[in-house]
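Starting from the known structure of chain S, fit chain E onto it as the hints suggest.
There are 2 protein chains.
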Amino acid sequence: MNIFLDRDSRQSITKQLYTRLKTDILSGLLVGDEKLPSTRSLAKELHISRNVVLEAYDQLLAEGYIYTVDRSGIYITPGVSIAENITNQPSEKSSVIGLQFEDDQGTIDFRTGIPNLSLFPKNKWGSIYKTICQDLPPLHLDYYEPSGCYELRFQLANYLYRVRGVICSANDIIITSGAAQGFNMIATHFSSINPHVIVEDPMSNGITKTLASSNMILHPVPLDHDGLLAHQLPDHIDPSLIFTTPSHQYPTGAVLPINRRIKLINYATTKNAYIVEDDYDSEYRYEGYPIQSMQSLSPERIIYIGTFSKMLFPALRIGYMVLPKALKSAITSIKYIEDLHSPVLEQLSLAKFIESGLLDLHVKNSKKYYAKKCAFVVDVLHGVFDESETAHTDNNTFSNSNNSTSNRKTNDSMITDNMIKRPEIDLVNIPPIEITGHTAGIHLMVRFRDYHVSDDDIVALRNAGVTLYTAEAHTIIKGHYTNAILIGFANLSDDAIQKGIQIIHTHLLSR
Amino acid sequence: MNIFLDRDSRQSITKQLYTRLKTDILSGLLVGDEKLPSTRSLAKELHISRNVVLEAYDQLLAEGYIYTVDRSGIYITPGVSIAENITNQPSEKSSVIGLQFEDDQGTIDFRTGIPNLSLFPKNKWGSIYKTICQDLPPLHLDYYEPSGCYELRFQLANYLYRVRGVICSANDIIITSGAAQGFNMIATHFSSINPHVIVEDPMSNGITKTLASSNMILHPVPLDHDGLLAHQLPDHIDPSLIFTTPSHQYPTGAVLPINRRIKLINYATTKNAYIVEDDYDSEYRYEGYPIQSMQSLSPERIIYIGTFSKMLFPALRIGYMVLPKALKSAITSIKYIEDLHSPVLEQLSLAKFIESGLLDLHVKNSKKYYAKKCAFVVDVLHGVFDESETAHTDNNTFSNSNNSTSNRKTNDSMITDNMIKRPEIDLVNIPPIEITGHTAGIHLMVRFRDYHVSDDDIVALRNAGVTLYTAEAHTIIKGHYTNAILIGFANLSDDAIQKGIQIIHTHLLSR
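Chains as they are written, first to last, in our numbering: chain S, 157 to 667; chain E, 157 to 667.
This is chain S alone, in the form it adopts within the complex (with noise of 0.2 Å):
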């Protein structure tokens, strides 16, 4: 037999037998029930150890290439060939592909939705991780339930109820891998009973994709400053779910006024739907207390829907969700076929994380971050739109749309509470952009008075170095958005939030 083994290799002579034999097998150089030589005569012509002969043959007989025949000696088996190619060695890898975000350095991103990553403890966090690590006992290294660990449950059922009213147990939540996964439990859950949902128009997208990607129906609802126009929910349908985001809108940043959120419990009530709430980043409100959750008014007919990623930092996955009673069993299930339950020792170090008290000191710290970062933004979109005028109107503090008589400026009429269709937007006395949702959250939305937003307006602002995002990529019926643009602030510093905006002006003026 030709074998060539290269002694100096830092392959042992045994695996490069075992190869090469098998190679020749697979390519069809030694084909079926062919005998291949005795061991001791291979060994001999390879002048090497019967041993190393015995061991490659005894590999190729337990991966079935070779049989043996008692007292006659060893056999190729047939039917041992392959059409398709086989390269042994890995393809090297094309590219590096980095990190989505790298695409982006350099560039000035308005994204939402994320946090100030510098403020989160990283060390602190690395820390509690170590310790637990150092006192588990390792049986809770083993699988658990797909709720997820009592510990965090039982920290975030307090913390809930404490911070946002949510009245629950540790035994109505359910950790999930982020509030992404929980959107799309439900999704696959009422796809099957009910395809039928109401959502806010505009919503995020990313919600709007999962439930499509489910199959469900989508019935959107308009907005006005004060969010749901909650009269305008449809008596025609039955939904089986009804989306919200009713203490900071997204993407408008509206907080939903008690009489709608009766409202909208009393719809679902007589529709038998449930109410998901997403409250998304409400922990971070600079005026008042945090708007209480809606959860709180109807723990068994709302699901609550809530996630780390804004609160903490959003590479570590943990979301939660509040359930009724009633779907406990089957969302669990769901839970459990998608990915039996989210990783524990996170959980467990989150739990301590909330116990000892960092949590609250961190979104305490962090509130007062962005509430600074959030004023700065109103005051360099003022100082760079309006010249010199200086209008800007946060309607969700000071006004109720229900009242007729209340301190509203004109410039509500945008969207009227009291108009199926949306009237045209009336240019004239209305200052030269509006701003919503900056009591709240970690992004904003502004509306222009005298430019529209398009596709080709975002190409061209990535050029000049601005990742822009628009409203009108979250609605559903369009054409009603375009002249709002969402501002991401939370994790830019002052100079780059003044040179974006001046970049952004610059360009829409220039058109």
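Hints are computed from structural coordinates only; laboratory data are not their basis. Please note that the accuracy of each hint is not assured.
Same chains, same label: a pair holds when it works inside one copy or across any pair of copies.
Distance condition first, Cα-Cα at most 20 Å in a straight line; then the derived DMTMM-like pairs of lysine to aspartate or glutamate [stated by the list, open to error]: (1) 280 x 291; (2) 200 x 214; (3) 419 x 180; (4) 524 x 211; (5) 419 x 189; (6) 484 x 456; (7) 520 x 189; (8) 365 x 301; (9) 523 x 211; (10) 427 x 456; (11) 191 x 214; (12) 655 x 613.
Below, chain E alone, put in the same frame as chain S:
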């Protein structure tokens, strides 16, 4: 107004006032359009600062409970009333739900698929994680690409090539939340394209459930001692997928010989189907080299799925898929919809763990430990069940089913390659027990000559302190594995194994 404020409370006076007013509004004590006292007069009445009232009113205003009329005053918003009860405290946790496995404490649990949890170097792991946290630039706390961290995929591609012969680059890998997520994503993708799948019978009932939940139609193919009976692959259906565990069949432990692998690949090619290779515990092979993956024979035809649940620990929830290029984009989209991507910090820790040689070391140590443990189990089983007899076969290593003159023992005929209908078990000339699957992995299968194990036996044994699992539980066509039990041994002490097997024997004898 009848408002009691507790100056000794841990709640601020402002929050007490706000909460009280809100409760009165929600409960209907204060009704719609009722005028509230002015801030000045309420402050005077309650002997508190006017600022306290201003703050409480401001918050109620922000949440829409009240509205203001210029130069008139402050009013309750109409329509704020709740039919459903509001509890003001989170319900007491009815009982502390412990971890799933706490039920089993004090019992001897022969569960399969659980490694020895004490072997994992959790302190080293914790230190690596802490170092990752310290050294990580904050921007790595951001969202990642759906396929997972490049660092881990790169290390994994090299590891899988080196140890399992898998041919892939980092770009072909998706990091999943355990193998479970991989199976679910495949089922999600293919169920809408072509729901017909071929499965080994028996196969893991966890995977069966996953496939069933996506409405896949299962076509079982029986096994013999060498695994899937490739010549029984059905001609009359066109499956989209073929599920197999070629390196250590679950649950029988068979190793699929190369000629059947080739037959299976050729079948899949003819049918334009993909093979799903579930390579769940084959790092641990106690005789010869590890059986190489099937994937290396046909990388564009085979979806290779693995997990760190058995190599490291289940609570980690890190698995991986090596995908044919044609599937990468579709499965990545599903991963994105399901949970955006898997948690990052543990992925980076694992990349470092592999890079620094700790994975190899851990697998080496574990393998040595399991080999001893496995041999011990085999000895105890024979000692207890064979009494004077001492037969045990390992057809995976010493026989080849295509070769009638091989040294296979006669008890092979329990299931033969040449008969589509399984024959009755021949009770003559076979030893009391037959052990399979003990040359690899962390469980083995025992078939009894004289005993069938029913659900009643499982209950009785549970009461006697032993949790036992049957192969029959993993079958699709019932009745052929009623005499087979599974012994997961990795996480049990020698004493527990000895005692547990003795209890099983005593029970079966005494029925």
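Verification of the supplied hints:
Taking the shortest alpha-carbon separations for residue 280 and residue 291, both the intra-copy value of 16 Å and the inter-copy value of 13 Å come in at or below 20 Å. Proximity of residue 200 and residue 214 under a CA criterion of 20 Å is satisfied intra-copy only: 18 Å inside one chain copy versus 95 Å between copies. Taking the closest pair of Cα atoms, residue 419 and residue 180 come within 20 Å of each other only across two copies (18 Å); inside a single copy the shortest separation is 76 Å, beyond that limit. In the homo-oligomer, the alpha carbons of residue 524 and residue 211 lie at most 20 Å apart only across protomers (19 Å), although the nearest pairing inside one protomer, at 68 Å, exceeds that limit.
In this homomeric assembly, residue 419 and residue 189 come within 20 Å of each other (Cα to Cα) only across copies, at 17 Å, whereas the closest approach inside a single copy is 80 Å. Proximity of residue 484 and residue 456 under a CA criterion of 20 Å is satisfied intra-copy only: 11 Å inside one chain copy versus 40 Å between copies. In this assembly of identical chains, residue 520 and residue 189 lie within 20 Å of each other by CA distance neither inside one copy nor across copies; the values are 76 Å within and 36 Å between. In this assembly of identical chains, the alpha carbons of residue 365 and residue 301 lie at most 20 Å apart only when taken from different copies (17 Å versus 29 Å within one copy).
For a Cα distance limit of 20 Å, the shortest separation of residue 523 from residue 211 across copies, 19 Å, qualifies, whereas the shortest one inside one copy, 66 Å, does not. Proximity of residue 427 and residue 456 under a CA criterion of 20 Å is satisfied intra-copy only: 14 Å inside one chain copy versus 49 Å between copies. For the identical chains of this complex, residue 191 and residue 214 are intra-copy neighbours only, at 15 Å inside a copy versus 92 Å across copies, given an alpha-carbon limit of 20 Å. When the C-alpha separation of residue 655 and residue 613 is checked against a cutoff of 20 Å, the pair qualifies only within one copy, where the shortest distance is 17 Å, while the shortest distance between copies is 75 Å.
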